[in-house]
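Working from the sequences, and respecting the hints, build out all of it.
Those sequence lines, one after another, are chains A and B.
Each residue of the first sequence is one higher than the one before, starting from 1 at the first, in our numbering.
Each residue of the second sequence is one higher than the one before, starting from 1 at the first, in our numbering.
Hint data in this document are derived by calculation from the structure and do not stem from the laboratory.
Take the hints with a grain of salt, since some may be wrong.
Straight line, CA to CA, 20 angstroms or less: simulated SDA-like cross-link-like pairs of lysine to any residue [claimed, not checked]:
1. K89(B) with Y22(A)
2. K89(B) with M19(A)
3. K89(B) with E8(B)
4. K89(B) with W23(A)
5. K89(B) with S15(A)
6. K109(A) with A98(A)
7. K89(B) with W12(B)
8. K89(B) with L38(A)
9. K89(B) with W24(A)
10. K89(B) with G101(B)
11. K89(B) with W14(A)
12. K89(B) with S20(A)
13. K89(B) with R18(A)
14. K89(B) with L11(B)
15. K109(A) with P99(A)
16. K109(A) with A119(A)
17. K89(B) with F33(A)
18. K89(B) with R16(A)
19. K89(B) with R79(B)
20. K89(B) with G102(B)
21. K89(B) with P17(A)
22. K89(B) with I34(A)
23. K89(B) with I7(B)
24. K89(B) with T21(A)
25. K89(B) with S6(B)
26. K89(B) with E37(A)
27. K89(B) with Y100(B)
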Amino acid sequence: MNDGSAYTAYHPRWSRPRMSTYWWLQRRSYLRFILRELSSIFVAWFVVYLLLLVRAVSHGDASYQQFLGWSGHPIVLVLNLVSFFFVVFHAVTWFNLAPQAMVVSVAGKRLPGVLIAGANYLAWALASVLSSWLLLGG
Amino acid sequence: MAKPRSIEPLLWLLFSAGGMLAALLIPILLFLFGVAFPLGWLSPPGHQHLLALLHHPLTRATLFLLCWLSLFHWAHRFRYTLYDGLQIKHLNELISVVCYGGAIVGSLAAAYLLWRIP
Chain A
1 MNDGSAYTAY HPRWSRPRMS TYWWLQRRSY LRFILRELSS IFVAWFVVYL LLLVRAVSHG
61 DASYQQFLGW SGHPIVLVLN LVSFFFVVFH AVTWFNLAPQ AMVVSVAGKR LPGVLIAGAN
121 YLAWALASVL SSWLLLGG
Chain B
1 MAKPRSIEPL LWLLFSAGGM LAALLIPILL FLFGVAFPLG WLSPPGHQHL LALLHHPLTR
61 ATLFLLCWLS LFHWAHRFRY TLYDGLQIKH LNELISVVCY GGAIVGSLAA AYLLWRIP
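Written out as structure tokens, the structure reads:
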């Protein structure tokens, strides 16, 4: 703002080129970004799938068996395979980003990122082993 | 005078917590129930075992947190995916209502279904 600026009735037009709706196809890193963002859809799908499983188990053995049969339907299977790819992609990108999001200091020194990411991967492994043990063992 | 508080930090907190819990638990659960059991790589747990597991309060609490936070993670991230990917910022209100409204409805459904496990 200088003294030369004056009120104008018409706002000057911004010089902003219109971006293509498909800007994320232009570069591999953009595509990776949008795929990572899209992973949330498959996270939501899993919640629906989990709740259907919980409902089936609550209704008794017959509906649980029906759910297991339905989970083998080709469309459901393909959807779950695609979802699995996306949720793993989400997990890996999430844990790799953790060092940037968490700043952990020990004795006044910042902990190296590798350790923070490593701790996240360790927690992932423990959570997976515990879940498998609860479901398959015992 | 205190400034009016924005709900945005709370939404980011739910997004982060959901992203973390989803990353820790969903891959293994989806692998087992979505891939390994249907394809016959592993035999699924029996009904009795699964019911006993789901009956435990700790399991229910964990699954509720997983559903609730994952849904809010989805709502927040998907909202921004629509903004950035499709550049439809002018539908701001509608998108927010659909995303967060969907997450609230889904969380209530999760609470109800987990609550009435026999």
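Results of checking the hints against the structure:
1. K89(B) with Y22(A): holds, 16 angstroms
2. K89(B) with M19(A): holds, 13 angstroms
3. K89(B) with E8(B): holds, 16 angstroms
4. K89(B) with W23(A): holds, 16 angstroms
5. K89(B) with S15(A): holds, 19 angstroms
6. K109(A) with A98(A): The hint holds at about 17 angstroms.
7. K89(B) with W12(B): holds, 19 angstroms
8. K89(B) with L38(A): holds, 17 angstroms
9. K89(B) with W24(A): Between K89(B) and W24(A) the Cα gap is close to 17 angstroms, so the pair holds against 20 angstroms.
10. K89(B) with G101(B): Measuring from Cα to Cα gives roughly 18 angstroms; hence the hint holds.
11. K89(B) with W14(A): Roughly 17 angstroms separates the two Cα atoms, so the pair holds.
12. K89(B) with S20(A): Roughly 14 angstroms between the alpha carbons, so the hint for K89(B) and S20(A) holds.
13. K89(B) with R18(A): holds, 14 angstroms
14. K89(B) with L11(B): With a Cα-Cα distance of about 18 angstroms, the restraint between K89(B) and L11(B) holds, given a limit of 20 angstroms.
15. K109(A) with P99(A): holds, 14 angstroms
16. K109(A) with A119(A): With a Cα-Cα distance of about 17 angstroms, the restraint between K109(A) and A119(A) holds, given a limit of 20 angstroms.
17. K89(B) with F33(A): OK: K89(B) and F33(A) at ~19 angstroms, within 20 angstroms.
18. K89(B) with R16(A): holds, 16 angstroms
19. K89(B) with R79(B): Since the Cα atoms of K89(B) and R79(B) sit roughly 10 angstroms apart, the hinted pair holds (cutoff 20 angstroms).
20. K89(B) with G102(B): holds, 19 angstroms
21. K89(B) with P17(A): holds, 17 angstroms
22. K89(B) with I34(A): holds, 17 angstroms
23. K89(B) with I7(B): Measuring from Cα to Cα gives roughly 19 angstroms; hence the hint holds.
24. K89(B) with T21(A): holds, 12 angstroms
25. K89(B) with S6(B): This hinted pair holds, its Cα atoms lying about 19 angstroms apart.
26. K89(B) with E37(A): holds, 17 angstroms
27. K89(B) with Y100(B): Holds, because 16 angstroms separates the two Cα atoms, which is no more than 20 angstroms.
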